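2 protein chains.
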Amino acid sequence: MSSTRSVRLALLGCGTVGSEVVRLLHEQAADLTARIGAPLELAGIAVRRLGRERGDLPVDPSLFTTDALSLIKRDDVDVVIEVVGGIEPARSWLIESLRAGKSVVTANKALLAEDGGTLHAAAAEGGADLYYEASVAGAIPLLRPLRESLHGDRVTQVTGIVNGTTNFILSSMAATGAGFDEALEEATELGYAEADPTADVEGFDAAAKAAILASLAFHTRVTAADVFREGMTGVTAGDMASAKEMGCTIKLLCIAQRGSGVEGDTVSVRVHPAMIPLSHPLAGVGDAFNAVFVEAEAAGPLMFYGRGAGGRPTASAVLGDIVAAARNKLTGTRAPSESNYASLAVRPIGESMTRYHISLDVAERPGVLATVAGVFAQHEVSIATVRQSGREDDAKLVIVTHSAPDAALAATVEALSRLDIVRSIASVLRVEGGAG
Amino acid sequence: MSSTRSVRLALLGCGTVGSEVVRLLHEQAADLTARIGAPLELAGIAVRRLGRERGDLPVDPSLFTTDALSLIKRDDVDVVIEVVGGIEPARSWLIESLRAGKSVVTANKALLAEDGGTLHAAAAEGGADLYYEASVAGAIPLLRPLRESLHGDRVTQVTGIVNGTTNFILSSMAATGAGFDEALEEATELGYAEADPTADVEGFDAAAKAAILASLAFHTRVTAADVFREGMTGVTAGDMASAKEMGCTIKLLCIAQRGSGVEGDTVSVRVHPAMIPLSHPLAGVGDAFNAVFVEAEAAGPLMFYGRGAGGRPTASAVLGDIVAAARNKLTGTRAPSESNYASLAVRPIGESMTRYHISLDVAERPGVLATVAGVFAQHEVSIATVRQSGREDDAKLVIVTHSAPDAALAATVEALSRLDIVRSIASVLRVEGGAG
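Protein chains in written order, with the numbering used here: chain H, 1 to 436; chain G, 1 to 436.
Don't read these hints as lab results, they were simulated from the structure.
Some hints here could point you the wrong way.
[What the hints assert, rightly or not] A few chain H residues that face chain G, going by a derived Cβ cut-off under 8 Å, partial list only:
1. Arg154
2. Ala298
3. Val323
[Unchecked claim] Each computed SDA-like pair below joins lysine to any residue, with the alpha-carbon atoms no more than 25 Å apart:
4. Lys244(H) to Gly286(G)
5. Lys244(H) to Ala175(G)
6. Lys244(H) to Pro277(G)
7. Lys244(G) to Gly286(H)
8. Lys244(G) to Leu278(H)
Please read all numbers here as calculations on a predicted model, not as lab measurements.
In this text, a Cβ means the ideal position worked out from N, Cα and C, and glycines have one as well.
Excised from the complex, chain H in its bound form (with noise of 0.2 Å):
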């Protein structure tokens, strides 16, 4: 290719990224001409629909189509653009631009998630660049890093607040006293919950991203599938006060440990809420921001911090993939490609070593601190503090545990719901990023 041409994007999908997208190529064609060598060109838009309104878009009507497929068939087409989201029809898309020898720039966390393998062997196939920087923590440069700064290093564990939605719930219930539902529904009125907010609340955005940021991190093969979930709609208004009174706030983390088996090293992945002290760098990720905590064993610890969501702050994600999709075509070069030999075991949940925050409902009488520390005792796991208020029918027992694996908490849980004396066990909720 002759660096007198220019190089031509087909842009899949036209909302709230993709018309950022589309802006953004046009406020900064000259800096993006200079920065290539060459101009970037839209050769189409992808939409489900024609005639809805795009008139303040800087771009000829003529490029959308409703036609994605004849779009990215095009012989003069060198860069595909995605930004359409879920599995279908985005793979069959993907698969056949990059079979074709198109680079792909995608911001699909969920396709890459459940089907990166597939994508990765087309782009093998065809030669040619997947680039995906806006798929995880937005407009964040992490990926990138992930995938060549932290090279010559030995990731040993990413830490990440990667859904910008239920930090901003979570951040108000911390600041307001605010329960869930209240948080949740200021949430909504200020667009940053969708109507719908399952995938968020209930961490399967925040998985997605855990599985792709686990593959990248420790050069092995992650899917969605692979990574322990659990929501954060049972986080009360209690819990985060009881978080207070420990010099911590509760986030939902999304958590990728590199570890040691009996048959090798092994890979655990997870996203739940958890206590974090009001110390860990984490901690002070306020509203709907993301950011991602890397322990690697030469740089030791870092944090990339930024916008996780938006379409502006995604599009400029976007851009900066597309500018290296369009460098590599001018030069005939690729970027480095899938890195898995690792191969690593997924480490079931159980296996992790985590500490709990449990809040029991007790009856008040004589003996029941002994009897539930004979539990915990009994299940090898060790108490860190216990904090008793009420009194008679309206006791309340909290405890936090030292590290320990997973199963032998979840099961010392589960012990304690049998007994008489405990009436209900009002929370239980990780803690993490501090001293076991």
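Using the hints provided, position chain G relative to the given structure of chain H.
Just chain G now, with coordinates in the frame of chain H:
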């Protein structure tokens, strides 16, 4: 180059960073081979003197040589790694290497900030890669995101804590109320400050890094000489206490801003101590950690945090660059070359907009405040807050201004110093990171 042979490295320097590079190459050998597709092999290690005890390094002692030039001229060397520091002979060695088509990985901030253009030109001439992630903010993957991830966006400001020694000193002053001398002594004892701390405390180290960051962020060429520099030896315990009263702390910042002047876009780059609000993400960066806050038009605010110094963290960044350079060698590709098309004019410090915190010892008599306020008005500097303390012969005025050009603020201070009623100007500090 066939992928069955190894990629051969010449290491120049084997001090704190160099010896950690040797160790990581050994420890991570299997992973590095898998990631690169070929093994890395040390062809030689140039040191100033042979015979120094290096028995603990996992390397064949015959690799050591005092003849760096012969080493880098060897035909079987693919990548030259420079961790010697300083301008000469490092510059000559690297120019020689690059012109001969050998890729260079360097941690040499002073050289890049003084004469980066010459190195980039040599790289272009020889068709070689020039990587220098380790030159700024140690282990933090920062330059690659600026060089690549943000290339579809427009960076407007970079604000960084890029010197670990001074951050340790200022964090210690903030935590304990100690003065500069006492905190410096502690830093020296703990190994955070060198015997001669001038380069750190006078801001020379930060200024070199600021030049490198500004060049990458704004696609222009900025050298150390373009950077306004003010050290932090004048920061007193009283300043820190005053910062606390304002809900601030004091950090040594590097600030690179894009702006526009009558003759087009400009850039300003400065290093000085400044008060920043405790709510600013940089305020919580303690100990010897580094962090860089980047603002981009589409991405919004981003922050990168981690260890900015130390042998092993720095070696992590060097290794990441080695992997990239080695991969390029094997696939016959090249990294994006220098991007300096913007050629922005450097704006003098006087035109930078900032705020001043001015502490004055004044005679306590009627009309003092009116006289002082008059001086501000004459220079068209607006006052945000005034605090007066003490009485009679020992009164103190602390004035914080609104945002104004640095030249007007400096002229105000100069005029105040000439007033009879001003006994002395106890301190002047800039205030950054908040509303003007």
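Could you check if alanine 298(H) really has its C-beta closer than 8 Å to a C-beta on chain G?
-> Hint holds; alanine 298(H) Cβ to chain G Cβ min 4 Å, cut 8 Å.
Let me know if the C-beta of valine 323(H) comes in closer than 8 Å to any C-beta of chain G, holds or violated.
-> 4 Å, holds
Quick one, are lysine 244(H) and glycine 286(G) close enough, alpha carbons at most 25 Å?
-> With Cα atoms ~22 Å apart, lysine 244(H) and glycine 286(G) stay inside 25 Å; holds.
Verify the interface restraint on arginine 154(H): the C-beta must sit less than 8 Å from at least one C-beta of chain G.
-> 6 Å, holds
25 Å limit on alpha-carbon distance, applied to hinted pair lysine 244(H) and proline 277(G) | Judged against 25 Å, a Cα distance of about 23 Å means the pair holds.
25 Å limit on alpha-carbon distance, applied to hinted pair lysine 244(H) and alanine 175(G) = Holds. Lysine 244(H) to alanine 175(G) sits at ~23 Å (cutoff 25 Å).
Holds or violated: lysine 244(G) to leucine 278(H), with C-alpha atoms at most 25 Å apart = 20 Å, holds
Proposed proximity, glycine 286(H) with lysine 244(G) (alpha carbon, max 25 Å) | Given that 25 Å is the threshold and the Cα spacing comes to 22 Å, the pair holds.
Going through the hint list in order, the structure satisfies each hint without exception.
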